[in-house]
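Number of protein chains: 2
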Amino acid sequence: MAQLIADKRDIDFVLYEQMDCESLLSYPEFEEFNKKMFDMVVKEARKFSLKEILPTYAEGDREGVVFENGNVKVPKCFHKLYEMYTEGEWLALVEDPEFGGQGLPHLIAQAAFEYIVGSNYTFAMYGILAKGAGKMVELFGTDQQKELFLKNIYTGVWGSTMLLTEPEAGSDLGALTTTAIKNDDGTYSLKGSKIFISNGEQDITDNIVHPVLARIEGAPEGTKGISIFIVPKIWVNEDGSFGDHNNIVCTGVEEKMGLHASPTCSMSLGDKGMCRGLLLGEENKGMEIMFHMMNDVRLEVGLQAMTHASSAYLYALEYAKERKQGRELGSREQSQVTILGHPDVRRMMIDMKAYVDGMRSFIYYTASCIDNAHCTKNEDEKVRFSGMVELLTPIVKTYCSEKGFDVCVNAMQVFGGYGYTKEYPVEQILRDCKITSIYEGSNGIQAMDFLGRKLGLNKGVVFTEFINEINSTINKAMEIDDLKDLAVKLSGTVTKLSETIVNLGKTAGSKDFKTGFFFAHPMLMATGDVIMAWMHLWRAVVAIPAIEKVTKSKYSDIDPANFLKNKNFAFYDGQIKTAEYFITTMLPVTEGKLKSIDASNDSALKIGENAFAS
Amino acid sequence: MAQLIADKRDIDFVLYEQMDCESLLSYPEFEEFNKKMFDMVVKEARKFSLKEILPTYAEGDREGVVFENGNVKVPKCFHKLYEMYTEGEWLALVEDPEFGGQGLPHLIAQAAFEYIVGSNYTFAMYGILAKGAGKMVELFGTDQQKELFLKNIYTGVWGSTMLLTEPEAGSDLGALTTTAIKNDDGTYSLKGSKIFISNGEQDITDNIVHPVLARIEGAPEGTKGISIFIVPKIWVNEDGSFGDHNNIVCTGVEEKMGLHASPTCSMSLGDKGMCRGLLLGEENKGMEIMFHMMNDVRLEVGLQAMTHASSAYLYALEYAKERKQGRELGSREQSQVTILGHPDVRRMMIDMKAYVDGMRSFIYYTASCIDNAHCTKNEDEKVRFSGMVELLTPIVKTYCSEKGFDVCVNAMQVFGGYGYTKEYPVEQILRDCKITSIYEGSNGIQAMDFLGRKLGLNKGVVFTEFINEINSTINKAMEIDDLKDLAVKLSGTVTKLSETIVNLGKTAGSKDFKTGFFFAHPMLMATGDVIMAWMHLWRAVVAIPAIEKVTKSKYSDIDPANFLKNKNFAFYDGQIKTAEYFITTMLPVTEGKLKSIDASNDSALKIGENAFAS
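These protein sequence lines are chains A and B, in that order.
Heads up: the first sequence at position 135 corresponds to 135 in my numbering, and the numbers run straight through without jumps.
Heads up: the second sequence at position 157 corresponds to 771 in my numbering, and the numbers run straight through without jumps.
Hints in this document: simulated from the structure, not taken from any laboratory.
Bear in mind that the values here come from a model prediction, so they are computed numbers and not experimental data.
Cβ atoms here follow ideal geometry from the backbone N, Cα and C, with glycine treated the same way.
Any given hint could be a false lead.
[Stated by the list, open to error] Within a straight-line C-alpha distance of at most 25 Å, the following computed DSS-like cross-link-like pairs (lysine-lysine) qualify:
1) A:Lys565 - B:Lys1128
2) B:Lys1209 - A:Lys484
3) B:Lys1220 - A:Lys549
4) B:Lys1103 - A:Lys595
5) B:Lys805 - A:Lys606
6) A:Lys606 - B:Lys938
7) A:Lys606 - B:Lys1179
8) B:Lys1209 - A:Lys496
9) B:Lys1110 - A:Lys565
10) B:Lys1220 - A:Lys484
11) A:Lys606 - B:Lys1110
12) A:Lys422 - B:Lys1036
13) A:Lys511 - B:Lys938
14) B:Lys935 - A:Lys606
15) B:Lys1220 - A:Lys595
16) A:Lys321 - B:Lys938
17) A:Lys606 - B:Lys1098
18) A:Lys324 - B:Lys805
19) B:Lys935 - A:Lys324
20) B:Lys1179 - A:Lys324
21) A:Lys489 - B:Lys1110
22) B:Lys1098 - B:Lys1036
23) B:Lys938 - A:Lys514
24) B:Lys1179 - A:Lys514
25) B:Lys1220 - A:Lys324
[Unchecked claim] To list a few chain B residues with every Cβ distance to chain A over 10 Å, as calculated:
26) Lys657
27) Lys690
28) Glu947
29) Asn992
30) Glu1079
31) Ile1081
32) Glu1083
33) Thr1129
Extracted from the complex, chain A is given alone in its bound form (with noise of 0.2 Å):
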């Protein structure tokens, strides 16, 4: 195996033949490209993720970062990295050349941020961070702004952050206590405490930006009384040049399970000095203003997961082919025997295939809905896409960051006690990975938007559509007799799905609204189910013509037994093979779970909190 971070063959299988990524090309916003760049930067990112960043992944995690005195050092071997992921021009792969963006589309972005990311997201996450606080400052700052910290935040000169959540606001952004007082200078004067700070202090970039939410004097409760505010570590002069030093300090790091190589700080503003910063937008609309950047970053945990699942994956492939242990069942041959062969171990092979490749489906998938909602000039289709990716969203992040780290519990299994220790790089792709199913919205609350908000989005149009969506790619697979069996499955699931989620949403907007929400999270899975048998059937539908003119025969003709040897033959039969293992064999525990929903018992709502333990 050359590498072992993605599968480029999928990658590129997604991309072109499943995704049509080629039909983007029409739209004026990507005509100055063409499938050769496409698959150029694809294919820089993959060799400068594999060459540069992957080695330092596990360096980054035994050295991790030291806190002294307010200041943080990161791991030694980030800082010329850093200059060569910035010098790149890794960050803003999608975001406006104007200001030091690619413009490429959301689209290959999945793919190079899959190398990217999958190869250290501890250091990818000094520069992905810009995405969220550049889109802000684009979309709601003021020309000078603008002028000031873009080109700075997307070209990663500046390192960016986002300071939300207090020790008493997590969730519960409504409850953040951080004050705002308007200076006679139009700035504000910003006093208050945040933890969880990816990244708020270090040491690889001259000054860093941190957008901060906090509540100016006087204003409402809650979450509509919430502010959101540029405050540079540095404070930033209107000729550009710097002025002093902001008192935003960092009081502490958190020692965590992962995650070593980047700081989680806690910040005090203004408890010791000025701690000055700039009104972003409008006063009390800072909720409003994060959330236009909340799409993309839970679509970055979603690929975040999936890209250490995919990793995981990868590294214990390699192994389960390697390592030799036991005889062939039922054989009576002596010699040992890849553990591949053993069907316990397939069959965690084929449920780790099974999710990562539907889960790059399903991202991917999302992230053409963004670039076609962006571009389309048709109002409708600009609705409907849009619609659809605020649907997908919250399935994307808690959906991938779940499954995905199943992938990684499972290609630990794979390797034994090697697996455990730090060996193999398995242990720490776990550890790592696990933050994706709790930060940037717990995945609780990821499923209450879901069941409370995407669900009945535009009168529950926004939902139909998306039901029609998977139906259009049931009514191709019903055209092809392969798949007719496949199709007929999935769309009896489809049907249960609808009819669940039609209840479970009568139920959440009834008096028993605590019971619809007691099941809303798994909802969002048996959803996810459902989609990743989409992703596999749609895949399948792809693969039988191209297996077509491989073999220059019918599929239903042909032994594929025969025909293992050819690659590419292999990699389609593959395709259906896993759509036709994920409908036969998972299918029918999500069918079980819509039956729990229906159930939709209450008696853990009515048991009492002291019955939990005694």
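With chain A's structure known, arrange chain B on it following the hints.
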């Protein structure tokens, strides 16, 4: 909450109300005990664990072990503690008093070990390994071997290990290459390398007794040619005095994800000098001898995972009861509520409670079968109880290790960002728990044992008796109005389980045996689900009369909400509600798993190895 390892009320419930621990007192083996003495043992174990062991948990993890020139230093805080541990005679609770054991029932030992293991497994392990090593010497050693070693092992004066694994012989022990050559004095000279040896070297005891699997010159290939030897770190002369150091040397310790306070050693035997061992039992019977301790060891692994889950659950519960975030769903009140009030957090909490309580009952039940098998004079009963232990052991090990880990993952999620940090104990518990699915026979091996050997034990009679046991609980529940619905539901699933198992057994015995074994692990897990439901229904069967005693009314005649302030009521009501939750909400998913196994799709076995990734 007074303590956070295990819920004492629930332990008492399982011991005395569910499992009728007192019935064991009628056996001559336990006639010297009474309930008061049982209580005392559990109470003292709890006291010692919480006061002395628990405070070392985080410290041991942070300090870890130090390896230098073949020597291993364990965390400093373990030294004095180990003295107290051995002085308190906490190591060999169930072992023969003749050799330093306490002669307690396994059932009571589970309760004591819950606290000891749950407080700091890495510490407890320094003693617990004695049980396996000692058991083999007790059963197969010569009188002189027992005289020389047994008491020192069981009392923890000397440490114990188990040297099985080699770099090329992990799950496939038949491939091991360590050799033994017989010396003129009847001892054997051993030569070879072993890996993954827990506590293979340490500075906590004066001597270490290593049971070593090796191959005597000229022995048959594979597992049939493996013998087992007692290899003391320092030779023990016939008069019990110390002789020379054996050449058994620690060549390195693994860096691993968890269990930092327990050295996982690579060991070299006879590489630079004489390494003498004593044959234990007969030549070439090493595997048989070793398997005599395997049921115990695997039960312990199940307990280890369960107790990690139990403390993770209780920590999460405490946090969920204290942490305030957000407003009550559907309420206009502006004040923050504790997160236990949020439906999604409650979903995670009831899920954790259901698995923790269910696993506790399951493990204690298995332990009670060990006691009954050991003590009963009725031959039929002995066969029946022994069969039950054989059948349940791979399920205890596999199911509890996986569900226990899942509980830890959920507990971390309840903590949000804090859970990912070392500020709270959950991240360490999660890391430590992960090993349980991997070691002492990986879960894939357990699943093969379950399907290939255990289901067909005694021509399937053991399995039939297992189903009869479940049905006996169902029949009791059928007679209680308030449980009838649940009983009917579980009965339906049990019927389906039996059908699926019979069919899968046939597949495993047919030419499609690989397909059969592909589904061995899902089959075991589905069986585990049904056992959880059984245990919860059993708990409810006990709880209903108990609750009627508290309220002096029929359960169906009261509104439980009116009685929840009564702790005793709340506890019993919690049993009924958890049974309702598990059977109504989780069993439909299990039925989905059974359907998936019934489908027995073999596409994953047909996929080309090169199709997994290009």
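When you check the alpha-carbon spacing of Lys938 of chain B and Lys514 of chain A, does it fall within 25 Å? 18 Å, holds
10 Å Cβ clearance of Lys690 of chain B from chain A: About 20 Å separates Lys690 of chain B from the closest Cβ of chain A, which puts it past 10 Å; holds.
For the pair supplied as a hint, Lys324 of chain A and Lys805 of chain B, is the alpha-carbon distance within the 25 Å limit? 23 Å, holds
For the pair supplied as a hint, Lys805 of chain B and Lys606 of chain A, confirm whether the alpha-carbon distance does not exceed 25 Å. Judged against 25 Å, a Cα distance of about 63 Å means the pair is violated.
With a cut-off of 25 Å on the C-alpha distance, tell me whether Lys1220 of chain B and Lys595 of chain A pass. 31 Å, violated
25 Å Cα cutoff - pair Lys606 of chain A, Lys938 of chain B: Status holds; Cα separation ~20 Å.
Please verify whether Lys606 of chain A and Lys1110 of chain B have alpha carbons no more than 25 Å apart. This hinted pair is violated, its Cα atoms lying about 30 Å apart.
Would the pair Lys606 of chain A and Lys1098 of chain B pass a check requiring their Cα atoms to be no farther apart than 25 Å? 20 Å, holds
Are Lys606 of chain A and Lys1179 of chain B close enough, with their CA atoms no more than 25 Å apart? 13 Å, holds
Examine each Cβ of chain A, and state whether all of them lie more than 10 Å from the Cβ of Ile1081 of chain B. 21 Å, holds
Next pair to validate is Lys1220 of chain B with Lys549 of chain A; report whether the Cα-Cα distance is within 25 Å. 21 Å, holds
If you draw a straight line from the CA of Lys1220 of chain B to the CA of Lys484 of chain A, is it 25 Å or shorter? With a Cα-Cα distance of about 20 Å, the restraint between Lys1220 of chain B and Lys484 of chain A holds, given a limit of 25 Å.
Comparing the model with each numbered hint stated earlier shows that hints 5, 9, 11, 15, 16, 19, 20, 22 and 33 do not hold.
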